[in-house]
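Here is how the chains run, residue by residue.
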Amino acid sequence: MEKIKQNPIVKKIGINRIVLCGVLILMYAIFCMLSDKFAGIQRIMSALNYAYFLGFLSLGVTFVIATGGIDFSIGPVMFCSALISGYCLTSYGVPLVVSLIISILVGMLFGVFNGYLVAYWTVPPFIISMASMNIAKGLASVFTKTQSVSWPQSADANGWYRNFIKIGNFPVGLVIFIVFAVICSIILNQTKAGRYILSLGSNKEAVRLSGVNVKKWEMLAYVICGTLVGIAAIFFVAAYTTVQPGYGDTYNNEAIAGCVMGGTSMAGGLASISGTVIGVFVIALLQEGILALGFSKDYQLIITGIIVIVAVYADVATRRRKN
Amino acid sequence: MGDIILTMKDIDKSFPGVHALDHVNFEVRKGEVHALMGENGAGKSTLMKVLTGIYTKDSGSIVYEGKEVEFHTTREAQDAGVVIVHQELNMLGHLTVAQNIFIGREFKKGIGIDDKKMNEEAAKLFEKLHIDIDPAETMSNLTVGKQQMCEIAKAISHEAKVIIFDEPSAALTEAEIEELFKIIRDLRKQQIGIVYISHRMDEIKVITDRVTVMRDGTYVGTLITKDCTKDDIINMMVGRVIYEDPKTQSSVPKNAPVVLKVENLNAGRMVQDVSFELHKGEILGFSGLMGAGRTETARAIFGADPKTSGNIYINGQKVEINSPQDAVKCGIGYLSEDRKRFGIVVQKSVAENSTMAALENFVSGLFINKKSENKIAQEYVESLATKTPSVDQLVVNLSGGNQQKVVIAKWLIRNCDILIFDEPTRGIDVGAKNEIYKLMNRLAEEGKSIIMISSEMTEILRMSDRIVVMCEGKKTGEIGIEEASQETIMNMATREI
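If you read the sequences in order, they're chains S and G.
Remember, this note's numbering sits 804 above the position in the first sequence when you count from 1.
Remember, this note's numbering sits 540 above the position in the second sequence when you count from 1.
Take every hint as true, because none was put in to throw you off.
Beta-carbon label-pair distances, calculated as ranges:
#1 G:GLY940 with S:ASN993: 22 to 30 Å
#2 G:ALA925 with S:ARG1124: 32 to 40 Å
#3 S:THR1122 with G:GLY940: 21 to 29 Å
#4 S:ARG1124 with G:LYS927: 26 to 34 Å
#5 S:ALA935 with G:GLY652: 33 to 41 Å
#6 S:ARG1124 with G:GLU608: 38 to 46 Å
#7 G:PHE907 with S:GLN846: 38 to 46 Å
#8 G:PRO929 with S:ASN993: 15 to 23 Å
#9 G:ALA925 with S:TYR924: 38 to 46 Å
#10 G:ARG615 with S:TYR924: 42 to 50 Å
#11 S:GLN810 with G:GLY940: 24 to 32 Å
#12 S:GLN810 with G:GLU985: 42 to 50 Å
Quick list of in silico lysine-lysine cross-link-like pairs, DSSO-like style, CA-CA up to 30 Å:
#13 S:LYS1019 with G:LYS910
#14 G:LYS589 with G:LYS701
#15 S:LYS1008 with G:LYS927
#16 S:LYS1020 with G:LYS847
#17 G:LYS915 with S:LYS1008
#18 G:LYS847 with S:LYS1008
#19 S:LYS1019 with G:LYS858
#20 G:LYS911 with S:LYS1008
#21 S:LYS815 with G:LYS927
#22 G:LYS911 with S:LYS996
#23 S:LYS1020 with G:LYS880
#24 G:LYS911 with S:LYS1019
No wet-lab data here; the hints were simulated from the structure.
Here the structure is a predicted model, which is why all the values come from computation and not from measurement.
We put the CB at the ideal spot given by N, CA and C, even for glycine.
Model the full assembly from the supplied sequences, consistent with the hints where possible.
Next comes the structure, spelled out in structure tokens:
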């Protein structure tokens, strides 16, 4: 085992991600064995639909967790974005392009709000994001007068936004998602912003005493997160059309699970975008498998809950061993 | 003075790499106030921690009330009647006075707590001590002085026979100290043995009967207070032989320009009206005992903590420093005494830590230019002789001395001309220490100006061109290396204002 760990290729990719890939393949094999309807393009496309929006949430929250923070508002904010922009589109006749921009803006504004309070008022992110989760839910309900919003079908004049996820059977969404993941990875690993975000997640005071404006960079992580949440909203409606006010919190856990499974540390300072991507695929496949086997969504809640606990415990345990 | 109540004999205690107590002797008699003195790191606190069961001794014996004892926890020591009144008060602000005094051993009434009985018992204690405090008052409403008296009452409530006061007067006003002394005299009359740890020479003369002096973990001697002078005590505290050559004269030319001038700096209780000048190419030593306010002064100058007033001039220009960002822009770099917390980001590499303060110089377009980053980090690894397999190594894997060099590299890469070194050799082995010294001398020769805060007298005398001495938040002296000696510095560091 030690020998495998020391192998340069394994070291470069990371043992954690290799194991996670194995889990992904194994899960797929098991689901195919248990359900004869599982194999085939349809299920995979369906799992991918789930992976897109969840993937953007997960990418976003990776930045926040890298600072040592947390954001429990991402799911509801995604719904809030989809509801407000959708309502603008369907009830006020706002052009589709503008609606899509509104969706991203709403997410971004929540990011600004969370980030400002966390970084400049130094309120614990746990509390702030819990509060803004409720604000997002309430705001969406008020704006839509507590009605669900249905985005246009693909056959409609305004239906072209659905091409973001697929054209025919070609998974456009997968391409877009991977492109964004690569951009996120570059931001995190090759820019000043990413360097400071990771460093302050590891030791904020040392970074501050190096003369770095830590507040600015900490806030930026939340803004990046919010923006990606706004994009997630577009992929959600492109896959599932209808959004209902008052929901969205279950996706928090799934997005965070994808992130920590991939090797991002809840203590901050360590983050892996490629890990997050694989983690998201695991969660998406899991949800598809559970549905295919005829279990209710509730089982998925239980399993993702357990995954979060196990992944975080694994992180804590490795840290303890290193110390 | 009565019979001996406590004898500590040949107490020995080692920590990894440190011989903290080297066959130390100490005794306390009934009804005496026995001062325990020594510089920082002399072993006073360690000795008291061994006595009260926080540390286990390696060898030696403790005889208490005629029996050999060994306490394993502070609770055991308390139950036997040996209690310590800490410098930092361990009180819960939201509870009442009585609740604090009886915490952990509350009087019960059924399943509830009998507050009435606790108040009565506390009132009895205060009466015995002639203290006027309402037991039902909330602790946070009391002054620091009154809170300290509650600590003492708590100690007495354990039927204490030996009470240790660890720098009890540090946070008290004149009037409160008077009151404290009245109580201590009262306790003395009741035949309680009292250990009094303090740096304040004048208090020692006023309140204590005997003085035991420790130095570098060894027992130096015990004196009768009324028969000795302040100088006698100081000589015992510092009377070590200095092996390394102390600097005999300043290497700074007389006409060297002033690069940093601090004027009437104030920041809380620990920095009061501090003024000094730093010349180009100078190593300015900051000496003083623990809690003298040296680190606080450095942090206030660097903008790490807010200051209440004062002016800072760099090269004659007045500057506003309100954050470390401002300070770094002014060319000031700060090496913290606590590297792990304030100096390095342990999960990042040598290269990443080295460029932390000057990252904008290594960004081309949107991206960090890792090549140039690695190149400069490598240059400094070589010029500072940092021992690391590569610049990609995480700093967590480096030794203390090498981590320190990475922090120094960080400020040199930022091109800082004024460097504040706060305890630069703390926790570093002897070989690495000498390297850091050489490096500091080299930097000074190259025209960098250095403020060196150090609690080690030998380090101060070996490195400084000039020495500023602080005591309890105030500057109490300034002296050129030509006139400086351990005695003169210690005299200033313990001066009563």
